[in-house]
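Colleague: Here's the letter readout for the chains.
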Amino acid sequence: DTAVSQTPKYLVTQMGNDKSIKCEQNLGHDTMYWYKQDSKKFLKIMFSYNNKELIINETVPNRFSPKSPDKAHLNLHINSLELGDSAVYFCASSQDTGGTYEQYFGPGTRLTVT
Amino acid sequence: AQSVTQLGSHVSVSEGALVLLRCNYSSSVPPYLFWYVQYPNQGLQLLLKYTSAATLVKGINGFEAEFKKSETSFHLTKPSAHMSDAAEYFCAVRNQAGTALIFGKGTTLSVSS
Chain A
233 DTAVSQTPKY LVTQMGNDKS IKCEQNLGHD TMYWYKQDSK KFLKIMFSYN
283 NKELIINETV PNRFSPKSPD KAHLNLHINS LELGDSAVYF CASSQDTGGT
333 YEQYFGPGTR LTVT
Chain B
797 AQSVTQLGSH VSVSEGALVL LRCNYSSSVP PYLFWYVQYP NQGLQLLLKY
847 TSAATLVKGI NGFEAEFKKS ETSFHLTKPS AHMSDAAEYF CAVRNQAGTA
897 LIFGKGTTLS VSS
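The listed protein sequences correspond, in order, to chains A and B. Numbering (the numbering used here) for the first sequence: 233 to 346. Numbering (the numbering used here) for the second sequence: 797 to 909.
Next comes chain A alone, as it looks inside the complex (with noise of 0.2 angstroms):
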């Protein structure tokens, strides 16, 4: 069984558009995260939810929204699609209340903005 999965893994889309992308995790994880990996392979937190709730947002613009509809799920929904969005985004999940915090990673999507 997959761990931690995402939808869906190549992702290309035109300027201007809205897209989402899902993630999903298994593991009964309390805390769930998005990070983003750009083109020279450089991983950055975007955001972080536990049990529902936001913890952190690194400078990242608001036409990137996290939605959590439970605790297995967290959604990334991007509007006004830009060409520097284009990177690979990475979902992941930890056990933090009473965990050892090492995070498992989704296998990413990549997403293309053209």
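Hints are computed from structural coordinates only; laboratory data are not their basis. Ideal Cβ placement from N, Cα and C applies to all residues, glycine included. Among these hints, one or two may not hold up.
[Said to hold, decoys possible] Calculated lysine to any residue pairs in the SDA-like style (CA-CA distance at most 25 angstroms, straight line):
id: 1; chain 1: A; residue 1: Lys273; chain 2: B; residue 2: Ala882
id: 2; chain 1: A; residue 1: Lys273; chain 2: A; residue 2: Lys303
id: 3; chain 1: A; residue 1: Lys273; chain 2: B; residue 2: Gln892
id: 4; chain 1: A; residue 1: Lys272; chain 2: B; residue 2: Ala850
id: 5; chain 1: A; residue 1: Lys241; chain 2: A; residue 2: Ala319
id: 6; chain 1: A; residue 1: Lys251; chain 2: A; residue 2: Ser300
[Claimed, not checked] Sample of chain B residues with no beta-carbon within 10 angstroms of chain A, all distances over it, derived:
id: 7; residue: Gly804
id: 8; residue: Ser810
id: 9; residue: Glu811
id: 10; residue: Ser824
id: 11; residue: Asn837
id: 12; residue: Lys854
id: 13; residue: Lys864
id: 14; residue: Glu867
id: 15; residue: Thr868
id: 16; residue: Pro875
id: 17; residue: Met879
id: 18; residue: Asp881
id: 19; residue: Ala893
id: 20; residue: Thr895
id: 21; residue: Ser906
Based on the hints, put chain B in the right spot on chain A.
Modeller: Showing chain B alone in chain A's frame:
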């Protein structure tokens, strides 16, 4: 604030040779440190973690890392490289608020036969 520096963006070794990937960290609190591996077009896989227990940490695939507080280092080693070890390796530290991982810029490991 926490930070991670990985020395050497690209490391090349021969099959069977020692692998040494360097990581130095900066942290104002006792750190939680991690090494992840990323194979092409895949997500990140946890290799090992340091969480203030034993300073020598053993991970998967024969990798291990030693936490040295005096040197603020957490270098990753493997005695004998395999071709399948070729990948991108990331060192990470948990941020002070405990809400995210801060990653280094990664080291690409190449293994030649």
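Colleague: If a hint holds in the structure, say so; if it does not, say that too.
Modeller: Hints and how they fare:
For the hint linking Lys273(A) to Ala882(B), the alpha-carbon distance of about 16 angstroms falls within 25 angstroms, and the restraint holds. For the hint linking Lys273(A) to Lys303(A), the alpha-carbon distance of about 28 angstroms lies beyond 25 angstroms, and the restraint is violated. Restraint check for Lys273(A) and Gln892(B): the C-alpha separation of about 23 angstroms stays at or below 25 angstroms, so the hint holds. For the hint linking Lys272(A) to Ala850(B), the alpha-carbon distance of about 33 angstroms lies beyond 25 angstroms, and the restraint is violated.
With a C-alpha separation of about 12 angstroms, the suggested pair Lys241(A) and Ala319(A) falls inside the 25 angstroms cut-off, and the hint holds. Using a Cα cut-off of 25 angstroms, the hinted pair Lys251(A) and Ser300(A) holds, with the two alpha carbons roughly 16 angstroms apart. Here Gly804(B) stays apart from chain A, with its beta-carbon at least about 14 angstroms from theirs, past the 10 angstroms limit. No Cβ of chain A comes within 10 angstroms of the Cβ of Ser810(B); the nearest lies about 24 angstroms off, and the non-interface call holds.
The claim that Glu811(B) lies off the interface holds: its Cβ sits roughly 24 angstroms from the closest Cβ of chain A, which is beyond the 10 angstroms cut-off. Against the 10 angstroms criterion, Ser824(B) stays outside the reach of chain A, whose nearest CB is about 17 angstroms from its own CB. Not every C-beta of chain A lies more than 10 angstroms from that of Asn837(B), the closest at about 8 angstroms, which undercuts listing it as non-interface. Lys854(B), annotated as away from the interface, keeps every beta carbon of chain A farther than 10 angstroms; the closest lies near 15 angstroms.
Even its closest Cβ contact with chain A, about 21 angstroms, leaves Lys864(B) beyond 10 angstroms, as expected for a residue assigned away from the interface. Listed as a non-interface residue, Glu867(B) keeps its Cβ farther than 10 angstroms from every Cβ of chain A; the least gap is roughly 23 angstroms. Annotated as non-interface, Thr868(B) keeps its C-beta farther than 10 angstroms from every C-beta of chain A; the closest such distance is 19 angstroms. No beta-carbon of chain A is positioned within 10 angstroms of the beta-carbon of Pro875(B); the least distance is around 24 angstroms.
Against the 10 angstroms criterion, Met879(B) stays outside the reach of chain A, whose nearest CB is about 21 angstroms from its own CB. Against chain A, the non-interface label of Asp881(B) holds: every CB pair exceeds 10 angstroms, the least being about 17 angstroms. Residue placement check: Ala893(B) does not keep its beta carbon more than 10 angstroms from all beta carbons of chain A (closest about 7 angstroms). Consistency note on Thr895(B): stated as away from chain A, yet its beta-carbon is not over 10 angstroms from all of that chain's, at 5 angstroms minimum.
For Ser906(B), the non-interface assignment is confirmed: its Cβ lies about 15 angstroms from the closest Cβ of chain A, beyond the 10 angstroms cut-off.
Comparing the model with each earlier hint shows violations of hints 2, 4, 11, 19 and 20; every other hint is respected.
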